[in-house]
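**Student:** Residues per chain, in single letters:
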Amino acid sequence: MSPAIVAACVRKMHRGDVAHSFLLDLEVELAPGITILFGPSGAGKSTLLDCIAGLTQPEAGRIAIDGEVVFDSEKKVNVAPQHRQIAYVFQSLALFPHMTVEANVAYGLLDAREQARVRVAEILQMFRVEQLRERKPREISGGEKQRVALARSLVTLPRVLLLDEPLTGLDAELKASIIDDLRAWNAAHKIPIFYVTHSREEVDALGERVIALEHGKIVSEGTPREVLDAPRRRRLAQAAGFENLLSGTVMDLGEPDGVMRVRLADSPCEIEVPLGHAAPGDCVRIAIRAGDILLATEAPKALSARNVLEGRIFTLERRGTLVVARVDCGAFFTVHVTPGAERTLELAAGKKVWLVLKTHSCHFVEG
Amino acid sequence: MNIEALLLSIRLALCVSAILFVVGMPVAYWLAYSRWRWKFLLEAVVALPLVLPPTVLGFYMLLAMGPRGPLGKLWHAAFGHGLAFTFAGLVIASVLYSVPFAVQPLIASFETVDRKLLDASAVLGAGRARTFRRVILPLSVPGIITALVLSFAHTLGEFGVVLMVGGNLAGVTRTVSIDIYDRVQSLDYASANRTALLLLVISFAVLSAVYGINRRAGRRAWLPWAAK
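Heads up: the sequence lines are chains A and B, in that order.
Just remember that the working numbering sits 5 ahead of the position in the first sequence, which is counted from 1.
Just remember that the working numbering sits 69 ahead of the position in the second sequence, which is counted from 1.
Calculated directly from the structure, the hints in this document are not laboratory data.
A hint or two may mislead.
[As the list claims (entries may be wrong)] Stretch-level coverage of chain A by chain B, calculated; a stretch enters the list once three of its residues show a Cβ under 8 Å from a Cβ in chain B:
{"hint": "1", "segment": "83 to 97"}
{"hint": "2", "segment": "101 to 107"}
{"hint": "3", "segment": "111 to 124"}
{"hint": "4", "segment": "155 to 161"}
[Unchecked claim] Sample of chain B residues facing chain A (criterion: CB under 7 Å; computed from the structure):
{"hint": "5", "residue": "Ala157"}
{"hint": "6", "residue": "Ala191"}
{"hint": "7", "residue": "Ala195"}
{"hint": "8", "residue": "Leu208"}
[Said to hold, decoys possible] Computed beta-carbon distance windows for the label pairs:
{"hint": "9", "chain 1": "A", "residue 1": "Lys141", "chain 2": "B", "residue 2": "Leu83", "range": "31 to 37 Å"}
{"hint": "10", "chain 1": "B", "residue 1": "Lys185", "chain 2": "A", "residue 2": "Lys222", "range": "23 to 29 Å"}
{"hint": "11", "chain 1": "B", "residue 1": "Glu180", "chain 2": "A", "residue 2": "Gly174", "range": "24 to 30 Å"}
{"hint": "12", "chain 1": "A", "residue 1": "Ser46", "chain 2": "B", "residue 2": "Glu180", "range": "42 to 48 Å"}
{"hint": "13", "chain 1": "B", "residue 1": "Glu180", "chain 2": "A", "residue 2": "Asp209", "range": "38 to 44 Å"}
{"hint": "14", "chain 1": "A", "residue 1": "Ala12", "chain 2": "B", "residue 2": "Gly196", "range": "24 to 30 Å"}
{"hint": "15", "chain 1": "A", "residue 1": "His194", "chain 2": "B", "residue 2": "Trp105", "range": "40 to 46 Å"}
{"hint": "16", "chain 1": "B", "residue 1": "Leu83", "chain 2": "A", "residue 2": "Lys195", "range": "56 to 62 Å"}
{"hint": "17", "chain 1": "B", "residue 1": "Tyr258", "chain 2": "A", "residue 2": "Glu144", "range": "55 to 61 Å"}
{"hint": "18", "chain 1": "A", "residue 1": "Gly325", "chain 2": "B", "residue 2": "Glu180", "range": "21 to 27 Å"}
Since the structure is predicted, the reported quantities are computational estimates derived from the model, not experimental observations.
By construction, the Cβ of each residue, glycine as well, lies at the ideal position given by its N, Cα and C atoms.
Full structure from sequences and hints, please.
**Tutor:** Given below as structure tokens:
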């Protein structure tokens with residue numbers, strides 16, 4: 006069996022309200038296995054899936070599935086969604102409310118009745134929902150609905166599976182178990198799975214290849230680490246969970262050492278960050294995770310870390326098992342510490358502290 | 070009480086509901102899902118009988134059905150007799166008069182079907198016909214019942230259009246509402262009252278049924294004068 010591949014080159018005006026209209030303009034290729042499409046809401050992720058599924062029409066471009074051209078604006082090809090042989094699970098799942106689980110799953114099958122029954126029974130078992138056969142969608146739980154929606158899509162043996170944030174709202178454990186079942190199914194069928202999410206957790210959990218989309222354009226592509234740890238765009242940095250996003254001015258470049266010094270805006274603070282495409286005097290943005298910053302109550306000495314900033318705790322807030330400190334060092338930083346550290350260091354608002362930032366925890370953000 | 074007139078009215082109402090069920094469904098489907106830019110014009114045409122005096126509609130229908138009208142000529146060529154003042158003529162006029170009462174509830178219920186369900190159906194390989202039969206239709210049952218019942222009830226109670234195109238021929242075009250009018254004219258109030266009361270009871274029963282069904286289906290009853 007040759008691997009199915011989706012190739013899409015799409016240009017489409019994404020129409021939100023005036024402020025949110027932008028041109029979706031990109032090229033993607035999907036190999037068998039999970040590819041994650043990651044980006045903040047309103048980046049054009051669902052629009053791209055709709056284009057691949059044929060539910061909306063790009064203004065220009067070309068989409069091929071498994072070698073068959075399903076859309077080509079130049080040759081005026083536009084295959085109707087029902088003939089594209091793809092599966093698409095929406096965020097809302099869109100189970101037919103008037104049908105039982107079994108009828109829902111059998112919907113896409115045109116086989117003879119007996120044959121369809123067998124295939125439905127197999128896939129219900131594979132996704133562990135065979136006991137719900139006779140139930141209506143409103144009588145089953147959220148996780149069960151997601152399993153049924155996957156079974157309904159996959160029973161038709163699609164050439165590609167599109168998933169639009171199908172697991173939002175489930176707890177991590179349930180999510181993982183559904184994804185395991187999906188992986189098990191795909192071990193046998195080896196189709197490309199295009200998984201859309203705005204959740205950093207899901208990107209981490211799913212692994213494999215990530216395409217990061219913002220404002221209709223691909224901003225980075227690679228492994229989850231590569232995409233999440235080196236954000237190139239400010240909004241993406243926020244989506245990827247960088248709590249600290251600071252503007253500053255480049256003071257000087259230390260090219261031989263691969264670093265540059267940045268003076269943070271409206272403050273005397275200067276920090277050393279990895280060298281980026283910038284010249285002295287340029288305005289840049291630096292993204293730092295709250296969990297990557299060390300906090301000390303005495304001036305630290307003899308450290309490899311190059312950035313030690315003196316400041317005072319401004320506020321301290323307990324969030325579950327996390328303590329979030331806002332620290333005023335001239336510029337404000339958000340720092341995460343554990344409740345244990347809070348007790349041992351006797352942290353409190355107004356207390357004098359030192360923040361320690363490794364150079365490579367500071368990410369240079371373009372734009 | 071004139072049983073003959075009542076039976077004629079019921080026969081007329083049944084014919085009209087049946088025809089509107091068949092004709093109204095595709096019209097409503099098109100109006101609910103088409104993205105044609107001039108669609109609003111057809112929507113206005115469909116709603117026209119709601120605001121037009123029945124006599125105006127009846128007048129134009131009478132002209133069209135007359136020996137020199139287009140409909141009348143066509144009918145004469147096909148069946149060898151005229152259309153005005155016949156039961157068939159009455160059915161055609163009544164169908165037009167009740168169009169909004171069938172089509173608007175259908176549009177309303179088609180439109181409430183979640184579009185994502187239609188997308189899901191398409192992606193699962195179903196063409197439009199299959200999507201309509203398996204998804205839209207079963208989810209629109211209350212709207213369909215409302216459409217049937219309202220076109221039946223509305224035809225049962227019509228007066229102006231019948232008077233214009235049907236005249237007053239016993240057993241052919243004398244419906245129950247015409248009969249009541251006749252009796253009042255001849256000062257036979259007791260008889261008029263019996264028929265009127267019966268019509269009132271039937272109408273009330275029919276409307277309670279519509280509201281009851283829609284309540285069970287969990288949505289507000291649809292009536293044209295409450296339309297958006």
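**Student:** Against the structure shown, which of the earlier numbered hints fail to hold, in ascending order?
**Tutor:** 5, 12 and 18
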